[in-house]
Every structure is written in C-alpha cells, then in structure tokens.
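**Student:** With the sequences and hints as input, model every part of the structure.
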Amino acid sequence: MTTATKETTPKQKSDVVLHYLRPKKNFPHVWCSGCGIGVVMGTLVRAIDKLGLSRDEVVLVSGIGCTSRLPVYLDFNALHTTHGRALPFATGVKFARPGMKVIVITGDGDALAIGGNHFIHACRRNIDITAILINNYIYGMTGGQGSPTTPSNAFSTTTPYGNVEKHFDPCELAKAAGATYVARTTVYHTPQMEKNIISAVEHHGFSLVEVVSNCHTYYGRLNRQGDAPSMLRWFKEKSIMLSKAKKMTEEELQDKFVIGVLHRADKTEFCDEYQKVVDAHQGEK
Amino acid sequence: MADTDRQLLLGNMACIRGAIYAGMRFFAGYPITPSTEVAEGCARELPKIGGKFIQMEDELGSMAAIVGASMAGLKSMTATSGPGYSLMVENIGYAYMVEVPCVVVNVQRGGPSTGLPTKASQSDTMQARWGPHGDYTAITIAPSTVAEIITETIRAFNLAERFRTPVTVLLDESLSHMRAMVSLPKPGEYEVIDRVKPTCDPADYVPFGPTENGVNPMPSYGEGYRYYVTGLTHDVMGFPTNRPDEIVPKMDKLKHKIEDYKEEIFKLRVEKMEDAEIALISYGSVSRAALLAVTLARQADVKVGFIQLHTIWPFAQEQLRDLCQNCSKVIVGELNMGQIVHEVECALPPEIEVHRLQRYDGEILTPTQFLDKLEEVL
Numbered sequence: 001m002t003t004a005t006k007e008t009t010p011k012q013k014s015d016v017v018l019h020y021l022r023p024k025k026n027f028p029h030v031w032c033s034g035c036g037i038g039v040v041m042g043t044l045v046r047a048i049d050k051l052g053l054s055r056d057e058v059v060l061v062s063g064i065g066c067t068s069r070l071p072v073y074l075d076f077n078a079l080h081t082t083h084g085r086a087l088p089f090a091t092g093v094k095f096a097r098p099g100m101k102v103i104v105i106t107g108d109g110d111a112l113a114i115g116g117n118h119f120i121h122a123c124r125r126n127i128d129i130t131a132i133l134i135n136n137y138i139y140g141m142t143g144g145q146g147s148p149t150t151p152s153n154a155f156s157t158t159t160p161y162g163n164v165e166k167h168f169d170p171c172e173l174a175k176a177a178g179a180t181y182v183a184r185t186t187v188y189h190t191p192q193m194e195k196n197i198i199s200a201v202e203h204h205g206f207s208l209v210e211v212v213s214n215c216h217t218y219y220g221r222l223n224r225q226g227d228a229p230s231m232l233r234w235f236k237e238k239s240i241m242l243s244k245a246k247k248m249t250e251e252e253l254q255d256k257f258v259i260g261v262l263h264r265a266d267k268t269e270f271c272d273e274y275q276k277v278v279d280a281h282q283g284e285k
Numbered sequence: 001m002a003d004t005d006r007q008l009l010l011g012n013m014a015c016i017r018g019a020i021y022a023g024m025r026f027f028a029g030y031p032i033t034p035s036t037e038v039a040e041g042c043a044r045e046l047p048k049i050g051g052k053f054i055q056m057e058d059e060l061g062s063m064a065a066i067v068g069a070s071m072a073g074l075k076s077m078t079a080t081s082g083p084g085y086s087l088m089v090e091n092i093g094y095a096y097m098v099e100v101p102c103v104v105v106n107v108q109r110g111g112p113s114t115g116l117p118t119k120a121s122q123s124d125t126m127q128a129r130w131g132p133h134g135d136y137t138a139i140t141i142a143p144s145t146v147a148e149i150i151t152e153t154i155r156a157f158n159l160a161e162r163f164r165t166p167v168t169v170l171l172d173e174s175l176s177h178m179r180a181m182v183s184l185p186k187p188g189e190y191e192v193i194d195r196v197k198p199t200c201d202p203a204d205y206v207p208f209g210p211t212e213n214g215v216n217p218m219p220s221y222g223e224g225y226r227y228y229v230t231g232l233t234h235d236v237m238g239f240p241t242n243r244p245d246e247i248v249p250k251m252d253k254l255k256h257k258i259e260d261y262k263e264e265i266f267k268l269r270v271e272k273m274e275d276a277e278i279a280l281i282s283y284g285s286v287s288r289a290a291l292l293a294v295t296l297a298r299q300a301d302v303k304v305g306f307i308q309l310h311t312i313w314p315f316a317q318e319q320l321r322d323l324c325q326n327c328s329k330v331i332v333g334e335l336n337m338g339q340i341v342h343e344v345e346c347a348l349p350p351e352i353e354v355h356r357l358q359r360y361d362g363e364i365l366t367p368t369q370f371l372d373k374l375e376e377v378l
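These protein sequence lines are chains A and B, in that order. Position 253 (the first sequence) corresponds to 253 in the working numbering; numbering is contiguous. Position 42 (the second sequence) corresponds to 42 in the working numbering; numbering is contiguous.
Hints listed in this document are in silico derivations from the structure and should not be mistaken for laboratory results.
Cut-off 16 Å, straight-line C-alpha distance, at most; resulting in silico cross-link-like pairs (EDC-like, lysine to aspartate or glutamate):
no. : chain 1 : residue 1 : chain 2 : residue 2
1   : A       : Lys175    : A       : Asp266
2   : B       : Lys329    : B       : Glu351
3   : A       : Lys101    : A       : Glu57
4   : A       : Lys25     : B       : Asp204
5   : A       : Lys24     : B       : Asp204
6   : B       : Lys48     : A       : Glu284
7   : A       : Lys236    : A       : Asp255
8   : A       : Lys285    : B       : Asp5
9   : B       : Lys48     : A       : Asp279
10  : B       : Lys303    : B       : Glu376
11  : B       : Lys253    : B       : Asp235
12  : A       : Lys24     : B       : Asp235
13  : A       : Lys101    : B       : Glu223
14  : B       : Lys48     : A       : Glu273
15  : A       : Lys256    : A       : Glu172
16  : B       : Lys329    : B       : Glu375
17  : A       : Lys25     : B       : Asp235
**Tutor:** The following block contains the structure:
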C-alpha cells in the first residue's frame, strides 16, 4: 500500500458523509425517499472514518439490486458486479491483495438466492471479507418480488396470496457455514450498526453484518406496514437485544429480530493459511 | 517440473507452462473433465512462484474471482470445459464490459449439456464468439499441438493485456490429454506484454475515456486511482448511463479497440498455397490431420494447400479471401456439425465451392478422412 495515505478526519460530524462522497458523481441517487440503504451508507462511512482506513485500501464490492448501487456514491475502490457474484469477485480481490480491506455490500436476494452458494462458501473459507447484508425482505429494484427472507404468509408481487415458503435466517446460515463474526442490527439502531461494522471490519476472518432495513415502497405497502417512519418504529419495537433474548422463550421471540453480535469464533483465515503454503514451497522446482 | 530444455509434457500442463511464462499468478477454477489437470497443475505450481490458486465453488465463482484478481493487479486465468464455460459466460460478459484482461481456457468436449466428458470436440467455436449476451468483439485462439499450447497461451495473455479484454483459448480433449516432447520457452525468448498503467494524477484519471487506440491505462486496486467499475453500460468515468450519446461511444469502443487492430491479432499458418487449387482449412487439433493429408496428397501431385487459423476470432475474412483467390474449392474440417464453415462461406466468393468435413462422434478427424474427402470433391 505504498500510495495509501491516512485520511484527515473532517472536523464536523455532519461533514463525514460529504467528505467521502465520490467526486464527479451526479445526484440524485437511485433510492426511494426514506430508503434504509442510505442510512446504512451513512453509517458505513462513519464506521470507516472511525477505523481510520485510507480510501485507497478499501474496496467496496457489490452485486445487483438496490443495495448494490451503494458503492457508486462513495469515494473508494469499487466493483459493481453481476447478480449474486459479489462474494467471489471479492474473494479474487482479497486473495490477490490481502492487504486490502474488502467490504461486500449485498441484499437479501443477491446474497441468499442467486448468490447463496457463494455466500456459504465465503463463510466456509473464512476469508477476511466483511459482508454487509441489507435485508429488506423483498426484491426492490425489480418491483417487490418475494426473496429468500420474505417471511411465510407475507405479501409480495410474486406471493400475492401470501408466501407459502419458509425464509432463511442469514445469520444462522452464516454461522452454520463457518463465518467467524455474525451480527444483526437494523436501520433504526445506527450507533449499534456503526459499532458492528467497525468490529466486523476489524475482525480477521469472514464477517457478516445483517442490517434489517425498510423497503416501505414495496414490502411496507404490500404488507400494510406503512411508510418509512412507521417501518422504523416497527424495527424498534420488534428488536430484542441478544442479552435479553437469551432469557426469552422461542415462542416469545416469534416475529422478533434478535440484534447484537450473535456469533464470534476464532479460526484460521484463508489468505493466511495459503500464505503458509507459499512460504513452505516457494522456490521449489 | 524438471528444469530441462526439452520435456515430455501433457497438453494441459503445457498450458500452465505458457501461462506462468506470460506472468499468470492467479488461477481460480472448478474441476471438470477434460480440463482438470490445468487446475491441479496450478495448485501444485503456483505456490512455488508465489502465485495464488483457489478452487472455487463453481464456474460462476471461478470467473468472478479471476476478474477480481485481475482488477487487483495479478494476471489471472481459469480453465474449464463446455458445461463450465456455459456458466462462465455470465462473468466473461462482465469482463468484456468492464474491460478486464484475463484468460479463459476451454478444453472442449462434446455437447450440448453434459455431452461427452472424455471425448474431443470443437463444438464451442461459436460459443467462444457469442457466449455472453450483448454486443462485443471476442478474441479466441486455438493451438493445434502441445508446443503451440505453450506459445499460444503466452499469446493469449499478451492479447488480453494489450487489449484489456478476456481471451478464450480453445483446446479439446485430444489435445489437452496428448503428451509430446516440447521445448520449454527460455527467458526472453517470447515477448511478454503487461497492461499499461496510468501515470496521470489520480484526480485527472478518466477510466473509460477516449484514447488513441481505444484501450485505457488500467490501475490496480490500492494504487490511488479510485474509480467506479460496473457491468452497467457506463460513461467515460465509469458511471451508469442511459444516455444514447454516452452508450454509443462505449459500445463502439468495445468493438473498435479490437477490430481496428485485427492485424495484431490474426495468426494463420499457411503451407503450399502458392499453386493450390484446393485448400484444407482447419483449426485446433484438426490441423494436425489436415497438414499430414496435404503432405501426402502433394506426393500424389494433388495441388492442395493448408490454412490453419491460430486466431479464430476475430475471423480472418480478408486474408482467407486473398489466400484462396486461385482455388476452385476448399474443404473446412472441424469437430462439430458446422460452425466456422459458415464464416468461410461468408468470406469466400460464391464461385469457390466450400465442402465440409465434419465429425461429431467424439473421435478425431484423421488424415485419411481428409484424403478421402479430397478424392470425393476433386
């Protein structure tokens, strides 16, 4: 990272996001007014600023969907890829240049449907990538279709009579697949989200931060959950901190979001292990 | 690998030799017959030179990983066969769009679908040109011997770096599983081209702006040039666009950066065409049989010539027309039901008869089959 220099932190807290916006990119952005993705973008920027990372050492990799448009607005290295494939692209970047901080920005459809296989294998490898999965329970960009996290009985344009399928819990999936840092938060809980993103990026291994977010335009409207503020209120009311959730029964936790750092494990990291192979065999004929 | 000048080498291993010579330091792949030895060989060889090998969860991921690694500055490659290539076309299309150099080796087997895993075929010739959706210009090359696999893989990397584009190398089962004594390339023996890097101030960097030859200098991640890379049709800064006046220059650039410099890409082997009345046109492993057939037919005073397409795409239309201008007939031999023959028919004037010699039973074309065909059409 010879060209990388530490950035100067802006004086005013409100200036932070502005400071990291990509020059020459025209606005407005693509998101609906009140969309939770913007909240995540602001929080991500504040987290990166607090981490003191140089802009040159950060690569934001995304797939396809509303969420995946995020890297276009921020002044970092960026790779906006194909649907579901952000993690294998990110794996190539990280493995080729382990010194880079690789952050994947993905949605529930992108990461868990079309990209489900890549998701579990990135977790399994425990490669040092942070995935921020913005889970709004629906496909926003294509107009409100059901996703792998759409709850049973919930409405979407492809579940017009209620969802007959079961949904994935991204955090449980990541934990089972081998991820070594797993946290869930919501767009209502921005201080917690900031802390989660900071510790996820600092964590050496595969980290997942699931951010429950509002798509009031589709999910909210189709499921009578109202506008952005009422969905945020819903997140506030339905969220249970992990410490509290531990004292609750499974029945009591139905329809609740358990938030906090849900899983941490200490395992060897993929690039480190490969480097050991290189160190042991480099120069052999 | 032993360090001698000449070595008995498997076709798939020759591919690795060429790739490493050209600077390949990153391989991502997924096991598939008949290309698996390329992945296995890279897993063994790359750590020895400080390179990286990763077995991905599928071919979609393999192609994605090599594009990511190339963006991060490593020359990268994957190898597969038809069913895997079909999965890779998604991100090969991405590589065309974002103009990322990389090499994709397709060791062909019979298809469609799972087809003939252990049998030779050239039935992906058209897929190499038209695999991903959308408009773009593809570069595809096809060696015919184990020695050529080394040199043509080097050439594939050079073309990828020169033109900032994915390059497909078409092998087939018979060639990749053939062993031959070959001379290993010596340091400095072949030119190795590296991508041009930007030298301007990062603030002045225009990642996809117009350049003299249509190819933009390409930085690696971490070098201070933070720009946006997207598979969406983009403007000169890399930002998504729907504006017709920005779409057209991007699309034209993808085409013209290659098609205006075709002479750098074409490579044909031409033998005994000076007085030829009939030409055998072939590519890949079939050229071996065609060349021997020409030699044998010449001994019987048949005025037959040999044209081998090392570069399949872009197709050498004008060269073929010039070379065949005194021929009355040509025979196009290929291991499929007729793919490159359509290009030949388009290239040649209607008075030249185009005959087809095709085999799609998983076996290779033999010199005898070429000789029989010659007898039939003469």
